[in-house]
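Assemble the complex: chain F is given as a structure, and chains U, Z and Y must be docked to it using the hints.
Protein chains in written order, with our numbering: chain F, 1 to 92; chain U, 93 to 184; chain Z, 185 to 276; chain Y, 277 to 368.
Read the hints as simulated data drawn from the structure, not as lab findings.
Here are the simulated lysine-lysine pairs, BS3-like style, with alpha carbons at most 30 angstroms apart:
1) K215(Z) to K204(Z)
2) K123(U) to K112(U)
3) K83(F) to K112(U)
4) K90(F) to K215(Z)
5) K274(Z) to K186(Z)
6) K296(Y) to K186(Z)
7) K123(U) to K366(Y)
8) K296(Y) to K182(U)
9) K359(Y) to K307(Y)
10) K112(U) to K204(Z)
11) K366(Y) to K278(Y)
There are 4 protein chains.
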Amino acid sequence: MKATAELQVVPIGSGVSVRKDITRIVELLQKYDFIMETHALGTNIEGELADILAAVNDIHETLHEEGSVRLLSILKVGTHTDKDPTLAGKQL
Amino acid sequence: MKATAELQVVPIGSGVSVRKDITRIVELLQKYDFIMETHALGTNIEGELADILAAVNDIHETLHEEGSVRLLSILKVGTHTDKDPTLAGKQL
Amino acid sequence: MKATAELQVVPIGSGVSVRKDITRIVELLQKYDFIMETHALGTNIEGELADILAAVNDIHETLHEEGSVRLLSILKVGTHTDKDPTLAGKQL
Amino acid sequence: MKATAELQVVPIGSGVSVRKDITRIVELLQKYDFIMETHALGTNIEGELADILAAVNDIHETLHEEGSVRLLSILKVGTHTDKDPTLAGKQL
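In isolation and in its complexed conformation, chain F is listed as follows:
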């Protein structure tokens, strides 16, 4: 099932600057076949729902392996059956 989503991963307790973690997260997302738009409060993703959810699991596992102690992800996922959801279709 196709979905549009927004993912924001917040490293907690790894210091005030989280830029390095954000760069790594976007790098991990790029392994997937997603249409993506990174913005100031997260990354918008268009792709298969199952792949988006797998990417969340992958990001948490990888960042913890690479030293992150605590992570909070905020994920919004939208699906509908009347037409395929696209990021482009949600622009005004």
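Chains U, Z and Y only, in chain F's frame:
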């Protein structure tokens, strides 16, 4: 990997009252081996991260099959490596 | 206090298409002195925290007056004291 | 206008344990005339929308004055006009 999460699934365009959908979502979550607390703004979940993500996919697929046209899920997921995250451990 | 924020207002029960409401919300936000970026999952806002919060109140009141029966807003707000938060500064 | 809300304030970069901050946030919320339920992923609030938004401003200002360098709040706000929203009315 163990995680604590909060899932709120919002049916859009299925009417002002969403109680029937919420009951169905909690029913679908109960198939998993989760510790759960349903509250006014979502359901808190303690369990394996992979299972929590699988449940989100399952809920979207099932509700669409059962007639929902548009769904928005808001998922917060917390993981940490210094100790196992639990819902009980997050109470004040 | 300066803040960066993301606001997504979800009209519930007003039909599957929410484009008209989203257009109205952006119109209401434009009355404020914000730097804004509207994207597929919300509108990013840079401005005074008090103004951002006033805008949320304004949007709920105005949309209800104009006929919306049920609204859910998801607001993320970031502030920090080490430097002024900006949307531009959060780009990779 | 009455609202139901959920507020989660995440201190970033103040260490892995955020319990002390959470205790302070709940203390600040208790100054308001809210019905509240603190749970593992935030605090549910029933009250006037304007008061809830004022509390968010108050919490950010106070925690920064008391030393927090970076804060992220995730606020969900629900309002409807067909009946007064209550936390109790949202229980299954």
